[in-house]
Amino acid sequence: MRLLLIACALLAGCATPPPPKPAAAPSLREISSALSVGSSTKSEVRAALGEGTVVNFDSGYEVWVYRQPSEELVLLFEPSGILSKTRVR
Amino acid sequence: MPDLTQTSARLGVLAIALLAGDAGLAEDARSGSDDAVVVSAMRNPVRKSYKKMIDGAALFEQRRSELAPAAALRFKLIPRKPDTSMKGVELKVEADSIAIPLRVAPDQTFTIERNRTALRENADVMPNRREGTMTWRADVRTPGLPPHTRRLGDLRLECEVGMKAGLISNYPRGFWGWLDELIALKPEYCKRAAPRYLFFADHPIFSVTLVHGERREVLPVDMLYAGATRDPEWKKDKYCDCEALFDHAYFVPLGDASWPDDTRVELEYMGPNS
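As you go down the protein sequences, you meet chains A and B in turn.
The numbering of the first sequence is this note's numbering, which starts it at 1 and goes up by one.
The numbering of the second sequence is this note's numbering, which starts it at 1001 and goes up by one.
One chain only, chain B, in its complex shape:
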């Protein structure tokens, strides 16, 4: 016969967790002794369209031979708020009749597979974090590059896939300029000489240099820190998805055809490059 007091307590915990819609509280309920109360619902979770991400992956396959023949595609979760914990992030593809867990690597990257049911039911890709706490990027990497180096063709493809997959969101109106409505969400935007598509380095950056053969060019500081050196109000901007990683953020001249895809993008960090 179940103990009514214990059962009431369990229900109380469950009700509070549901009302709060708080993952932390739900986690407490999950780990509490032998209660085995599992609460996975979350109010206003981060979510992205599964279909758009699959479209982005398809574009990667289509464009890879031109831009980054040896590269692989992953997607990456990035903290958007300074207090967002990236520890223990769980991710799933969810629709009416299915919920497919995705494996998130320690570097917060993951891959995504095509699933007919998920496409038909217009599934979402959802981590166990609240809306506004995380952002997303495509992660295109050619193996064998020197440390602290990216390849321009990889970044070009990251931008195109990111735009196609709808990973960029919540930029303030006007951030992209007058082309906001026309091209902001299309991969063609990446072919502009200096699109404002933000990349994030692994550490805070001091300098970004393009290198191809004998040619070297340090990017102007305006292309670092989301352009903060030209905008004294930058710290008040709560819309940019770089809010937590301003010091990691940089633009590159993706559409400048004078820099080939094999151009190395060398990153010098604020701290030691080790």
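Chain A extracted, bound-state conformation:
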């Protein structure tokens, strides 16, 4: 009987609930839905997402790219600096 009680106590010790998992990082698709085509600016996007990979063209347009292991977010900025298109792959 004593052994049974010890075994139960040991098993109960193993059943201690794990610490809560940190909240999953938002996906690029979720992030992109918070951006506003036609009004979001570069500085707003930078504040929200950090630095992406930037490709700037002689026309003044810029493409910003953010990557996660299974997703890719591409943003297009007009020469005025306003977000004009987005796509998630």
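Because the hints were derived from the structure by calculation, they are not lab data.
Since this is a predicted model, take the numbers as computed values, not measurements.
Each hint can be trusted.
Distance condition first, Cα-Cα at most 20 Å in a straight line; then the derived SDA-like pairs of lysine to any residue:
1) A:Lys85 to B:Leu1219
2) A:Lys85 to B:Val1218
3) A:Lys85 to B:His1148
4) A:Lys85 to B:Pro1220
5) A:Lys85 to B:Leu1210
6) A:Lys42 to A:Ser80
7) B:Lys1186 to B:Gly1166
8) A:Lys85 to B:Asp1222
9) A:Lys85 to B:Asp1202
10) A:Lys85 to B:His1203
Chain A is already provided as a structure; the job is to place chain B on it using the hints.
Using the frame of chain A, we list chain B on its own:
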């Protein structure tokens, strides 16, 4: 009796134009009042092998029934430098004993005919522009496609003809990877899953999507802009013939057999698609 002063002036203009080897100056001399001094020589013009282009056209005929049965072949001149003017481009097939002018359409495309003398004399195809200012592509188009759409079979054939015709040049060594010397200049290169053969859209592109039936797939951004999103030094690359049209350039997975030739390649431009 000719006016000696006027004659000296004409000779002076001609000499300067020849020394400068500058088409613009030659053009000025050509248009100057009634002098009628025509200078067509140009130092280091753009040139391509006529024979190779004819070989490319022959390959088109050979492969058309499989890849693009309804398509027609043209060749296209494309600016390579940002300041290259495409206005008034003149083109000719030139060899020792012949010079055949070719008609260049407003969209900078042209066709080429077989000519025995030009082949025998190993003629060049030459526009009136300096070397390094223009590049070339095959242009294979199936009629009746929706706007802003290409057909994958057409692009496959463009690549094969372009490689056969030797239209791709001046890529930096290493651009094609370790296969540079072996297959870079052969049409078989186009059958690789993702060959780095650049296509140019009519306008700067934002997105390229492959569509066949219910299947849709947006190409990764790495396949746009000559792969610039993976190469921070891309702007310093003066060898790629996409120098003036980085924002128009894209690759497609030509050798991916899971996409049939009838696959539509939909282009979304940076500006409005209109």
